[in-house]
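A.B. asks: Below are the chains, spelled out letter by letter.
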Amino acid sequence: MSAVFGSHPRVTLKRVLKVCGLLAAVLVVLGLAALTLGAASISTREVAAALWESLTGSPNTLSPEHRLILLEIRLPRILLAMIVGAALAVAGAGYQALLRNPLADPYVLGMSSGAALGAILSLALASQFVVATPVAASVGALLTIAAVYSLGRSGGELSPYTLLLAGIMTAYFLTAIMRFLLNFLSGRDLRGATFWLMGDLSNPAPLPLGWLALAVLVAVGVIYAVAGNLNLLLGGEPEAEALGVDVRRTKLAVYLAASFATGLAVSVSGAIGFVGLLVPHLVRLLFGTDYRLLVPATALGGAIALVAADTLARTVVAPTELPVGAVTALLGAPLFIYLLRRPRLGPPVPAQASPPEKATEDKGK
Amino acid sequence: MATKLAPHRQATPVALETRRVSFSYGEFRLQPMNFSVRRGELLTIIGPNASGKSTLLKLLAGLLTPEGGAVLLDSRPVGTLTRRERARRIAVVQQESSLLFPIRVLPFVLQGRHVHMRLLGFESARDVQIAREALIATRTAHLGERLMQELSGGEKQRVILARALAQQPELLLLDEPTLHLDIGFQVELLRLVRQLAREQEYAVVLVSHELNLAAEFSDTALLLHQGRMLRYGAPAEVFEQELLEQVFQTELDVFLHPETGRPRVLIRAVDTEEGGDGRETLES
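Sequence order for the protein chains is C and H.
If you count the first sequence from 1, position 264 lands on 264 in my numbering, and the numbers rise without skipping.
So my numbering is basically just the index in the second sequence, starting at one, shifted up by 365.
Treat the hints as calculated values from the structure; they're not laboratory data.
Possibly wrong hints are sitting among the right ones.
To be verified - Computed Cβ-Cβ distance ranges for the label pairs, DEER-style:
(1) H:629 / C:13: 52 to 62 Å
(2) C:214 / H:450: 31 to 41 Å
(3) C:153 / H:448: 23 to 33 Å
As the list claims (entries may be wrong) - Just so you have them, the derived chain H footprint on chain C, three or more residues with Cβ under 8 Å:
(4) 8–15
(5) 282–295
Everything numeric in this text was worked out from a predicted model, so none of it was measured.
Beta carbons are placed, not taken as given, at the ideal position from N, Cα and C, and that holds for glycine.
Only chain C is shown next, with the shape it has when bound in the complex (with noise of 0.2 Å):
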């Protein structure tokens, strides 16, 4: 394990563009790929008959149906993919930082519930404004990370342990709220439980994708100007703060955008679990723990990774589908088990419990 850690060179502007750049190839050869498959057949040659055509505007041999297919059902699911997954990812290496927990994850954390419940609330209330959605789910999430937060604690300090049962009972809570809405106001479109519980994104988005990629841009562009502040905050508050980090502002931006993330990515595609914690752990072994190679690198590694479920959930079982959701928590709940069971990335033991290792070493050179 620790070779797999030791070996990650040390992160310079070079390596974060040659990362990123053989990210963005990946996901754009499997975003491709992924355009070739569903449920009606159709050949590499026609998507790529089609997509000259959007670019170009020239007209060519493709059939209506399958140009409908192509390019106003499977580019924007998969456009949407990308976005929910970039969004999710990142909100989860940040809370990771933000609660000093490697668990921290916006799903098992509740805060996907809580943003959930606020999109809800808004279609229920303003089903009118179509940007009172996102706004209410990423205030949901918000108040749901408060309030886990301040649960989480146990005489002041923040307990790792407690805080991920702290947000797990805080999810069940909120679940049981949604469904109780749900049912109550059965009658209105709202979407199905379904959509809200597991995540999904077989239904358009009610943004234009354009918005929706600029807002999350901003949120992941946040917690990327603080990236070298979370390195330090990794190493604990009063040690950051004596490093020069201003530590209560970084805390702050990062809440807000990983919780506006949250927001964005749940109000378009429900509750999708896992992303936020496997996508980062992958990256992290993949490429090392800092976060100015971390932030960009989980961004496109969340895409890649929702692109690829989303596949699989709309074709595994075709022509009918499975919710997204279900195959996130198909690989991401053993990965979390996996995780909480391995000591070096599983919450950090308080200090006491860890006595320093002896020495093997010869002092005095």
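Position chain H against the provided structure of chain C, taking the given hints into account.
C.D. replies: Chain H alone, transformed into the frame defined by chain C:
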């Protein structure tokens, strides 16, 4: 040492000075006190648990704002320094929190350069050079590629010290740096700190429970008790038997070491009246 880690030096010999600095939280009150540390000098703050040692160190670090009085760094109140200025001039070695993720030694030491970089910046070749010099200065250059989580207690403390040196500070503050170290590493670390203070002209303030180390390595000592500065001066003036017995509530012997002339503190024998607790018989 060939290179100077600390590049900017002011002309004034006194680096750190307090003017009736005081602080309070809840019931506890740190009484106004005056003391100073010159460049190249090592001051150790001693005192029983909850006497206010760590609070005082945080005041010196500018991490707490004094209730009254001021802490002056080169005649300038620490409170008027910006966050970045403060972290460039004052380095603090604290009782370390656990690290969340594995990190190698060199990137860890490079965190000391954070405050010298721009937002979103990456370390320059010069930053890496300074970090390597800090590793050399703390005799940990051979550990650069190791993971922090793999190091022994003694190695880890020296690497944390290296990160502080990489900040290129003028003032070095250490909160119980010898905690959890065996006696060999304690001596090794303090010898290193004093040598660095002399050669690089850092002003060093140290909080320690190790009275004998404090007596041996400090230029000046400061005895705190219930938030009050009871005595401040050369170790020989501070380490007075009756005073220490009173403050630490136990019977002690204090004598001067025949070779170094510095005070030594010994605990007096365990409760002989009750006798026969097995320990004495075992040793006799």
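A.B. asks: With reference to the structure, classify each hint as holding or not holding.
C.D. replies: Results for each hint:
1. H:629 / C:13: 52 to 62 Å: Roughly 55 Å apart at Cβ, these two residues keep to the hinted range, so it holds.
2. C:214 / H:450: 31 to 41 Å: holds, 37 Å
3. C:153 / H:448: 23 to 33 Å: holds, 26 Å
4. 8–15: holds (count 4)
5. 282–295: Since 4 is at least three, the answer is holds.
Taken one by one, the earlier hints all hold for this structure without exception.
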